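Chains as they are written, first to last, in our numbering: chain H, 1 to 286; chain L, 1 to 581.
Hints listed in this document are in silico derivations from the structure and should not be mistaken for laboratory results.
Treat the hints with care, as some may be off.
Every beta carbon over 10 Å from chain L, so not counted as near; a handful from chain H, in silico [unchecked claim]:
{"no.": "1", "residue": "T52"}
{"no.": "2", "residue": "V67"}
{"no.": "3", "residue": "W74"}
{"no.": "4", "residue": "R83"}
{"no.": "5", "residue": "R87"}
{"no.": "6", "residue": "R121"}
{"no.": "7", "residue": "L122"}
{"no.": "8", "residue": "F127"}
{"no.": "9", "residue": "R182"}
{"no.": "10", "residue": "F207"}
{"no.": "11", "residue": "F221"}
{"no.": "12", "residue": "L233"}
{"no.": "13", "residue": "A280"}
Simulated coverage check for chain H against chain L, where a stretch passes if three residues somewhere in it have a Cβ under 8 Å from a Cβ of chain L [what the hints assert, rightly or not]:
{"no.": "14", "segment": "54-61"}
{"no.": "15", "segment": "106-116"}
Please read all numbers here as calculations on a predicted model, not as lab measurements.
From the three backbone atoms N, C-alpha and C, an ideal C-beta is built for every residue, glycine too.
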Amino acid sequence: MWMVIVSGLAIGALFAATALSYNVMYSTSKVLSVTTGHIAMLGGVFGAYAITALGQPWWLGLIAAIVVGGLFGWLTDVIAIRRVLARSDEHLWLLSTLALATMVQQAVGLWWGTEPKPFPRLIPQDFSAGIADQKFWLPIALAGVMALGLEFFYRRTMYGKLFLAMSEDAFAARARGVSTDRIRVASYVIAGALGGLAGFAAGQLTFAYFALGLTLTLNGFIALAVGGLGSNLGALIGGLTLGLLNTFASYLFGGEYQQTIAVGLLMVVLLVRPEGLLGAQQIRPV
Amino acid sequence: MLALGAAALLAAGLPFWSTDQYQVHLASLICCYWVLIAGLNLVVGYSGQLSIGHVGLLSIGAYTFAILSGKWGLPPFVSVGVAGALCGFCGLLLGLPSLRLPGFYFAMATMAFALIVGEFALAQGDLTGGGVGLPVPSFPAPFDTPVGFYYLAVLGAVVVSVLTWNVARQMYGRGLIAIRDNPVTAQAVGVPVFRAKLTTFVFSGMTAGVGGALFGSLQSYITPDTFHFELSLFFFVCIIIGGRGSIVGPFLGVAVLTALPEVVAPLAKLGNFFYGLLLLLVVLVVPEGIGRVFELIAQRLRPRNSASVPVAPDLPRLAKAIAAIRAVPGEHPLSARVVTKQFGAVVALDQVSLELRPGEIHGLIGPNGSGKTTLLNLLSGYYQPSSGAIQLRGEELGQASVRRRAQLGVARTFQKPRLLGTLSVLNNVVLGAWTHVEPGFLSTALGLPRVARLDRVLTDQAAELLHGVGLSHAIERRANLLEHAEQRFLEIARGLAMRPSFILLDEPAGGLSNDEIEHLGDIIRTIREAGIGVLLVEHHTDFVFRVCDRVTTLDVGRMIRHGHPEDVRTDPEVIRVYLGA
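Just chain H, with the same shape it has in the complex (with noise of 0.2 Å):
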């Protein structure tokens, strides 16, 4: 039973750090970028790559998921937002970000292989280790550290607080002399390097995978909803809730309906609580 609830919080913590990636380019661009979960991916294939085929320290790997992670974050906005978003028109950021994640994660397909590969330990541990398995709580600490460095970085630093004035009126923040611009770049990296992290964390439990990314889009886009849009305490209830949910279910009846059941849970909450549980009530158009 120990078990059941340690591995689905641990999955929970990887689709909370997606959701809270996702939160860091919505409260600049009020995007949701379909490739936030192959940043991840990327992350833990990369990670991979650089320690098990490249034979480097772990140290190396995780610098490597890292600044991998915040390449594809600023290359998403290079590629897919900045053009976009000068033609204000609301439905061709979710085409171009579509794209590139198709891109991405055929390119890596053809050059990794469709086969998940193993990840490498990361801290010497016996393979018998249990519920006290690094592959559980790797995720988990990081998810933690992420949602905190995220409330210090908002209500602490200078940065954080124009990343604030940005989500709450990007062209107020303008008028104050806010280069806004830049201030997205920043975050498409912010948010690509955390998402590296967290798939170079994960790594273990979900192996160095090609198809990761799309699986990660839907759970943490899921968690998101499930904790409301915007709200990072939001993104961790919402993930955890929905790793939970996985695990249990799996449990009780089988693996076979995981994403049925996450779907199932998104589903009750758009039609209870469309705004999700912590997010604001949205305001009407006009």
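Chain H is fixed; fit chain L onto it per the hints.
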């Protein structure tokens, strides 16, 4: 329609001039895909909802057909019907919670749905054969040969094309495009936004189910892997590349993209990378689809004379056009009684009363932020009052939707004109008559003569209105090519097409030249003579005092004076807060 006929003829001849079995197979595949994509096109290309999980519906259609007619021995054509109905029902379940929310929610819900269907296909081994899969029976003679099946697929494709063509070309299609390009406008003219989105999506589910049955039969054996998620992306890319708001474009898209990887082998290997790249290029370079490129080239080749023509209303014609479509003018006023509107702690309107009578021009003036537009939004239903009542013909409207008010004859224009840029000027006006058709999806799709006739009548009436307001020269032009004054007059014409009892004009003179303001005044007076009540929110006070029968002045949410223009103009308080000495 001609192109469609030619394409059908060409398709019918294919087996005669092509001896290659594989080409017939490929053409059949294109037709099967098209049955699904034609329906999806109404959702993605017209109503603008991004369903990226249609492969789930295709899969359900194929499995339903395989199970019903393969395992349980139902007649194949009955099974096709059941497959379509079941997928329509799935569309309903999926759309009901997600189509009310922003587009990304819907996109994610459909994507999740596709993943769930794959999961079920694997888990329900007894029914679907699990990972091993399931053989799919073929159709009975004469459709049991490749060529016979091909004709069946062509038939399906033609039927679906005609249905969607009918929808796209008539009032329903205009409404869908309004939902895509400008939901606020769609509401304002009375389009039931959510219901239209849902109906269209359910229809696309049905075509996906039928397409799935055909597709399954063509494949003759299906496994969960047949319906990989990337297929969804493929459907989607076909439509976006072909161009939104077109039927021919997406058809060419599916034909080319299905055949291309077969011809160019390296593309098949790159697969989704190629589709992703195409999608990205189209979105970044020509978001309106490849078809737009040809349009632009054509425009370049024979430049049309679109020199600016001053707007010159033809008032007698306008009066006749309005009289032709309006019933007897009503006698009841549209009234706001001691309404208050608060946003949080801010009181935008404080116990304001206003009575707008038929056949009267009522001016509403006041400094910026005094609550003029808020009052207009309350009257037209975009806001609900915090307290107080809004009444028309004894009916309490305070909580009634924008659509309901459009039905009751309350039309409005916007401070910044909200037009449908990709539609012609004429179609923009015809859309205004939505509530007088209340088009049904089914009757439109079936192309009932009654519906088509009504559409023609409304189009003629709309054209008359356009001649009346002085836009004769621009009737066929794309609305986003209009100049500012033309846009304003077009919005008024659209409001009049709603056959309103009251029309609320939000700063209609904003940005107009003096001559144009004169024309506007003439048009407004003509509207009054037709018995329509006009509410005029305006900053050009000379203009207001000249044309209005009564004037109300607001300041910081309070009414400070209302009455005859001359009395209001000389009121010391009005002069102090607004007019200046």
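Here is how each hint holds up against the structure:
1. T52: holds (25 Å)
2. V67: holds (23 Å)
3. W74: Nearest chain L Cβ is 16 Å from W74(H), so the label holds.
4. R83: The assertion about R83(H) is violated, with a minimum of 6 Å to chain L.
5. R87: About 7 Å separates R87(H) from the closest Cβ of chain L, which leaves it inside 10 Å; violated.
6. R121: holds (31 Å)
7. L122: Holds, since 30 Å exceeds 10 Å.
8. F127: holds (29 Å)
9. R182: About 22 Å separates R182(H) from the closest Cβ of chain L, which puts it past 10 Å; holds.
10. F207: F207(H) clear of chain L: closest Cβ-Cβ about 18 Å, beyond 10 Å.
11. F221: Violated, because the least Cβ-Cβ distance between F221(H) and chain L comes to about 5 Å, which does not exceed 10 Å.
12. L233: Holds, because the least Cβ-Cβ distance between L233(H) and chain L comes to about 21 Å, which exceeds 10 Å.
13. A280: holds (13 Å)
14. 54-61: Since three or more residues must qualify, the claim that chain L covers the segment 54-61 of chain H is violated, with 0 doing so at under 8 Å.
15. 106-116: holds (count 3)
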